[in-house]
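In order, the protein sequence lines correspond to chains A and B.
Going letter by letter, the first sequence gives residues 270 to 506 in this note's numbering.
Going letter by letter, the second sequence gives residues 91 to 467 in this note's numbering.
FYI, nobody ran anything at the bench for these hints, they're computed from the structure.
Glycine residues also receive a C-beta, built at the ideal position from the N, C-alpha and C atoms.
It is possible that some hints are incorrect.
[Stated by the list, open to error] Ranges between beta-carbon positions, derived for each pair: (1) A:Arg397 - B:Pro195: 25 to 33 angstroms; (2) A:Arg396 - B:Pro195: 26 to 34 angstroms; (3) B:Phe104 - A:Leu356: 34 to 42 angstroms; (4) B:Pro195 - A:Asp395: 25 to 33 angstroms; (5) A:Asp395 - B:Arg139: 49 to 57 angstroms; (6) B:Met222 - A:Arg396: 20 to 28 angstroms; (7) A:Leu284 - B:Met222: 25 to 33 angstroms; (8) A:Leu418 - B:Asp141: 29 to 37 angstroms; (9) B:Met222 - A:Thr300: 26 to 34 angstroms; (10) B:Asp141 - A:Phe322: 30 to 38 angstroms; (11) A:Met495 - B:Leu216: 25 to 33 angstroms; (12) B:Phe193 - A:Phe322: 32 to 40 angstroms.
Spelled out, the chains give:
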Amino acid sequence: MNNWSSLFQFTPDELVAIRLSLKVSIWAVGTSLPLGVFIALVLARGRFWGREFLHVCVHLPLILPPVVTGYVLLLLFGRNGPIGRLLWETTGFVFAFRWTGAALASAVVAFPLMVRAIRLSIEAVDRRLEDAAGTLGASPSWVFATVTLPLILPGIIAGAIIAFARSLGEFGATITFVSNIPGETQTLPTAIYTFTQVPGGDAGALRLTLVSVAISAAALFLSEFMARRVARRVTGL
Amino acid sequence: MNLEVDVCHRLGTFTLEARFTTNGGLTALFGHSGSGKTSVVNIIGGLLRPDRGRVVVNGRVLVDTALGVFIPMHSRRIGYIFQEPRLFPHLTVRQNLLYGRWFTPASERREHFAHIVDLLGIDSLLERGTAMLSGGEKQRVAIGRTLLASPHLLLMDEPLAALDEARKAEILPYIERLRDESRVPIVYVSHSVNEVTRLASSMVLLSDGRVVATGTVQEIMGRLDLVSTGASYDPGAVLEMRVSAHDDTYELTTLRSVAGELRVPRIDLGIGTPLRVRIRARDVILALKPPEALSALNLLSGKIAEISPLNGPIVDTRIDLNGEMLLARVTRFTLDRLGLVPGQVVYAIIKTVAIDHRSLAHVRPMPSDMNVDEIDL
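Using the sequences plus the hints, can you model the full thing?
See below:
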């Protein structure tokens, strides 16, 4: 009995890791979503030179070992990296060894999954509906806002949820790029990893594992629920 | 209202070279599939940018490739009713109907929501989603949605082609009301002779991307030289007639025009109502003398005006009935046996039962300013 009640006694460090993980994932998804929709549109509909190159670039983090992605981020966005230094000198903004860097790593790794889900929903849109909207007086941006966007909403939700889940699980790129600093860059996976490396850390690892499972399951349920609601709406029932 | 089209466009190996003008009413773009009808309306509507040419509606230049003018489709104020209804699945029927209206400047909203809903009989559908509507209901909603955008010109690309006969019969009266009650000119694409006869005030005949002829329905349908160019359609002339009497005992209606009298199965229309009757060439029998003891009720006399070129077993003849034209299809053997030659007086026999509801069209009197310019190619 004593064991069970102590299982859910979170230590302050653990609570910080949970909160940080949620924060990192929400920021990662929230900031990359508009870009994800844009890139998905470009990949689904754009006909331009270099489209294949863009496709490969976006999807590279999906197949690269996450450690490689993390190292490339460190080279580019580290304090001595070309982009990292420019950002530091012009705006004072830092990614390296900060939670913002963890969010960047998560976003980059989850981005291909997000783009793929959104792109598939864009390709499924009946473009004849967009022509119909155009003949009814809607300019291209209004057509996008009133026809395309509502129709791809289930895809956007699915893309956001899968990216959120992937961000939550991000380990390799995060630990390589921003390390494993409690309170700053220690997220759920890196915290679990730390627990497994120290004697007597089993209880903490189990606690955080259960939390991970709970958050992921909740996200999936939410996405199913949302997707079904939106799908009912967009199929005209 | 005036529409001027003069465009050239290449699509793969197909070349479209269309030039015509129309003034108001319902203009049918007629021709078989692949003749370029849809490309023409797509160019008028702005869905297709022609390689060369001009499109002018009511003096407003929409396309002029020489001057580099191309008004995008959303600024053209041209309604387009497609073969499929293309309703927005994420909106209710009411929201669909109001979609185009929302983009129309308030001062230019001519059509009243309640009036259109009433005209199309879609009152009970307003709060429904679009998925459960029948094909005919969807197409009526699509028509209403387009009308509520108060277009200056209405394009209809085979709006009935995707519907079965029952649904077609459901929609046709609404299109007729539209033609007669709203002042919006309509360009109607079709390959159905029945639809064109029933709806069109004038027609443009397209074949292989070229305009073969333009004119009134009677003119085009009564021209022998177009029987072959008009391709595989079942030739038949169109007569403008009026209801002159009803026979209650035998349930027949008599129609009259300068061509003579026709008795047809009873039609419930008042005396004097103008009607358009299409008589298929193959339903006409020719005789040199008025026949006796014959079951067919309709006998019209006239003169042979023209005989089609004598090749193959079948010959089409054009018969002048006091100025109205009738086409009759006979065998070449008959032609020789009876010794039919242009100028000869003949009697055309038409079975009453060959004229059914599909051969008849209720038309309003032609507006006096209606005319279609003939274009030489």
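Which numbered hints turn out to be false for this structure? 3, 5, 7, 9
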